[in-house]
Amino acid sequence: MRKLYLPLLILLLFVIIIGGSWLGIINDYWQLVLLFIGINIILTVSLNLINGYMGEFSCGHAGFMAVGAYVSGILTVWLFAEDKVFGPPVLPVAWAIPLFPLALIVGAIAASLVGLLVAIPSFRTRGDYLAIITLAVNYIVKSAIENMEVIGGPRGFVGMKRVMNNMADVFDAPWLLIWTFIAMIAAVLIIRNFMASTLGKGVEAIREDEVAAELMSVNTRRIKVIAFMLSCGLAGLAGGLFAHWPGGYINPGTFTILKSTEIMVMVYLGGMGSISGSIISAIGFTLLLEILRPLGVFKWVVIPLLLVVMMLVRPTGILGNRELTDVFPKLRAFFGYEEESYALASD
Amino acid sequence: MTLDIFLQHLLNALQWGSFYALIALGYTMVYGVLLLINFAHGDIFMVGAYVGFFIATFLLGIFSNAAAPLPTWASLLILILTILGSMVITGGVGVGIERVAYRPLRERGASRLYLVITALMIGILLEYLNLSILGAADRGFPELIQTKIYTVGGVSFTNIKLLVIGLAILVMVILELIVRHTKIGMAMRAISYDKVAVPLMGVPINAIISATFVIGSALAALAGIMYGSAYHVLSFDMGILIGWKAFISAVVGGIGEIRGAMVGGFLLGFIEVFVVALGQIPGFEWLSSTYRDLVAFTVLLVILTIRPTGIFGVARRQKV
Chain A
1 MRKLYLPLLI
11 LLLFVIIIGG
21 SWLGIINDYW
31 QLVLLFIGIN
41 IILTVSLNLI
51 NGYMGEFSCG
61 HAGFMAVGAY
71 VSGILTVWLF
81 AEDKVFGPPV
91 LPVAWAIPLF
101 PLALIVGAIA
111 ASLVGLLVAI
121 PSFRTRGDYL
131 AIITLAVNYI
141 VKSAIENMEV
151 IGGPRGFVGM
161 KRVMNNMADV
171 FDAPWLLIWT
181 FIAMIAAVLI
191 IRNFMASTLG
201 KGVEAIREDE
211 VAAELMSVNT
221 RRIKVIAFML
231 SCGLAGLAGG
241 LFAHWPGGYI
251 NPGTFTILKS
261 TEIMVMVYLG
271 GMGSISGSII
281 SAIGFTLLLE
291 ILRPLGVFKW
301 VVIPLLLVVM
311 MLVRPTGILG
321 NRELTDVFPK
331 LRAFFGYEEE
341 SYALASD
Chain B
348 MTLDIFLQHL
358 LNALQWGSFY
368 ALIALGYTMV
378 YGVLLLINFA
388 HGDIFMVGAY
398 VGFFIATFLL
408 GIFSNAAAPL
418 PTWASLLILI
428 LTILGSMVIT
438 GGVGVGIERV
448 AYRPLRERGA
458 SRLYLVITAL
468 MIGILLEYLN
478 LSILGAADRG
488 FPELIQTKIY
498 TVGGVSFTNI
508 KLLVIGLAIL
518 VMVILELIVR
528 HTKIGMAMRA
538 ISYDKVAVPL
548 MGVPINAIIS
558 ATFVIGSALA
568 ALAGIMYGSA
578 YHVLSFDMGI
588 LIGWKAFISA
598 VVGGIGEIRG
608 AMVGGFLLGF
618 IEVFVVALGQ
628 IPGFEWLSST
638 YRDLVAFTVL
648 LVILTIRPTG
658 IFGVARRQKV
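Residue numbers (my numbering), protein chains in the order written: chain A, 1 to 347; chain B, 348 to 667.
Simulated from the structure, these hints should not be mistaken for laboratory data. The structure presented is a predicted model; accordingly, all values stated were derived computationally and were not measured. Each hint should be verified, as a subset may be incorrect.
[Stated by the list, open to error] Cβ-to-Cβ under 7 Å is the rule here; a few derived chain B residues that face chain A:
#1 R455
#2 A457
#3 L472
#4 L651
#5 P655
#6 I658
Cβ coordinates follow ideal geometry from the N, Cα and C atoms, glycine included.
All chains, please: the whole structure from these sequences, using the hints.
Structure follows, in structure tokens:
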């Protein structure tokens, strides 16, 4: 039997965060920080699949986030809110509560389809040339959104706040935080299990040597398509959550190279190919941004300096390619890995 | 589109492409030697423009008197001093960054991608250092040479436009000569060919890398001053977009190849200018200038899908 410490811990966190927000013990500001932490964890873990485990250099993750944000944002506004462009809500507002995650998933699927734009060139292209393709896709997505006047063009898209308010009117709960928490746990589990599966071994084989992997009958094309679509889809999921943030608007200016850079920094700070590293660095980086907020403009002088120094001290990121359980083996029992390794040994 | 309008746009495209090409040269040289995408390079361009701005303002303060406008020889002298001074100082900045941030990482054998992230961080650092020291207000680059407008057969152009295009082409020819025919150029090509064997042959690898950074940064400074002379507006974030686009043109041309940087830069300039130009023709009004980036990047995506290593790039054979 697997030990239940970890699920119990997650449940406890869920109860504390959601309960605290519901009762108003956690104030709006900290709710926002927690929301961004959750979204950043999804983004970092998903980018780590491409940049860490597969060893490619994707620097356009914000583009896929934008697709997810716009698709799910438009969908919820169209379905559940009064809007100038889309008119009255198509469905009864009460349906918003069960259908909200579906809208997020549709956004994620749209983002993963856009991910094909990167996945297909990646059959022939590697390394820096693929980096440029991801960069171009980021620009194309942003530029395409800017040219669509229906959804606000460069001014951005609003209305998600009404959706969230409508949901809160039907039943008052911190819905966004709840779904962010669930999506975050799901994203981490998906990536972890994906990397433990045969497909994940294929991803690692591609990183080590693509030609050799192909010779060992790894279907590199199939694995690349799956990995890119999974990673981009999760980015779209994070985007969908981000679209409904309390600010109530999204604009193409949010999803620039700078956003992509931020995600990349979190990946490399945590360590390439380390899920626990990604989680730690996503939490740490988000908190760092908040702590340094009083510095104003000077914040962006301090943060790069800190990161450069950090790179010089630890050139492999916080955890390198190890997991927390490798650094502190005693945690293994806590996470319930013992039985797994036993099962492997008995094979 | 009549011929003279076409030629007019062609000249604009050449000027715009010159900036991309000059910056792309810095990317491609560093990449050729170190296989490092120096993402701070766009901001080096910004540093070069600002250093040029300060030198030019300082020199103008010394030379000018209220009574008479500057004689031509004096303004030419100021221009040359500004270019040289900015190239030297910016080259120093470039090599300083290499020393402080990149070399220690390289010597520890960090993954190439960590170097790239460090470069990104240095870029942001430069931007925001500028913003926090100099403030958010744009600076007006002083007019060093009197703008003259010539018109030949319906095509009008300024002397600055000619200067920009001429200097860019001249620099590229010189650079190509350096890389092909001098000892230091030979060492650069050798390092990119084999990083292990070259130091064993007695080539001072770190000195060559420093030289590469100096040359690349100096070219970015030149581009910065030309940009300032042509558009007269400097801002702390001027290097971001132009830097990324120059990088893209370097890759499209085939990164590591000097001809590639040139062709890629001019190509991107052409696409961008002609998308805007086409939008002014009746029947093409739907193609508004906001489609510029969209079209440019789609074309580049197609080129890279057809030729995955760029126009001049040679596919590296993998040994199995």
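Tested hints:
For B:R455, the shortest C-beta to C-beta distance to chain A is roughly 5 Å, which falls under 7 Å, so the interface hint holds. Among the interface hints, the one on B:A457 holds; its C-beta lies about 3 Å from the nearest C-beta in chain A, closer than the 7 Å criterion. At about 4 Å, the closest approach between the beta carbon of B:L472 and any beta carbon in chain A falls short of 7 Å, and the interface hint on this residue holds. At about 6 Å, the closest approach between the beta carbon of B:L651 and any beta carbon in chain A falls short of 7 Å, and the interface hint on this residue holds.
For the restraint placing B:P655 at the interface with chain A, the shortest Cβ-Cβ distance is roughly 4 Å, inside the 7 Å limit, so the hint holds. Look at B:I658: its Cβ only gets to about 12 Å from chain A, farther than 7 Å, so that hint breaks.
Violation of the numbered hints given earlier is confined to hint 6; every other hint is satisfied by the structure.
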